[in-house]
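Visitor: Quick note, the sequences are listed as chains A and B, same order. Sequential numbering from 2 applies to the first sequence in our numbering. Sequential numbering from 2 applies to the second sequence in our numbering.
Keep in mind the hints are simulated off the structure, nothing from the lab. Any given hint might turn out to be false.
As the list makes no split between identical chains, a pair holds if one copy fits it or if it spans any two.
[To be verified] Below, a list of computed lysine-lysine pairs in the DSS-like style, where the Cα atoms sit at most 25 Å apart:
1. LYS7 / LYS87
2. LYS92 / LYS44
3. LYS44 / LYS80
4. LYS85 / LYS100
5. LYS27 / LYS100
6. LYS74 / LYS100
7. LYS7 / LYS92
8. LYS27 / LYS71
9. LYS27 / LYS44
Computed from a prediction, not measured in an experiment: that's the story for all the values here.
Protein chains: 2
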Amino acid sequence: MSKFAKTHEPPYYAVIFTSQRTDIDKGYEKMANRMVDLASQEKGFLGIESARDSELGITISYWDSMDAIKNWKENSAHKIAQEKGKTEWYKNYSVRICKVERDYSF
Amino acid sequence: MSKFAKTHEPPYYAVIFTSQRTDIDKGYEKMANRMVDLASQEKGFLGIESARDSELGITISYWDSMDAIKNWKENSAHKIAQEKGKTEWYKNYSVRICKVERDYSF
């Protein structure tokens, strides 16, 4: 599978999630994979791109509408993961909700 | 220095650059560092976040306005780097120009 998200023509929406991990594992990878699976089943999900190195992780999910983003934020399994993220997995993170206005690729 | 970009209250703009590298080095890291230096001197530059693993690299630069993004795209040293990126450093990449509408952090 390509690691690039295949999104349609703009406009669409992006959630930029930038994070630094703690040293605590406790099922992190399993949860992360499950969240990708669950998100991709949500209505309006377009794709996801992710990279992590020793200093920072960036995950960007792409969505058809703001409503789709809101629904995903309220997904019950996702809410549990968000809580556990704060108490165990992440030292700190930031979330940015964006409207993608233009795109191109090479 | 924190690896997180310190951006002001939305709205502001983001350029999401997702890429896969070739095996060609030829001054890549030096160029990448120089581009960060040059970008940060541009009017309207707010910050940058970057992560790369074996599969994908993601760099997000944040800007005060669309005009600032246009100016940076036209920066002459940046244009040379863009050309060299296509012929040497990148197998493929995508660029997305976004308006950040909301953000929060933990």
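Visitor: Confirm or reject each hint.
Guide: Here's how the hints hold up against the structure:
no., hint, result
1, LYS7 / LYS87, "between (30 Å within a copy, 20 Å between copies)"
2, LYS92 / LYS44, "neither (30 Å within a copy, 31 Å between copies)"
3, LYS44 / LYS80, "within (17 Å within a copy, 39 Å between copies)"
4, LYS85 / LYS100, "neither (28 Å within a copy, 29 Å between copies)"
5, LYS27 / LYS100, "neither (34 Å within a copy, 35 Å between copies)"
6, LYS74 / LYS100, "both (17 Å within a copy, 20 Å between copies)"
7, LYS7 / LYS92, "between (31 Å within a copy, 16 Å between copies)"
8, LYS27 / LYS71, "neither (27 Å within a copy, 44 Å between copies)"
9, LYS27 / LYS44, "neither (29 Å within a copy, 44 Å between copies)"
When each numbered hint is compared with the structure, violations occur for hints 2, 4, 5, 8, 9.
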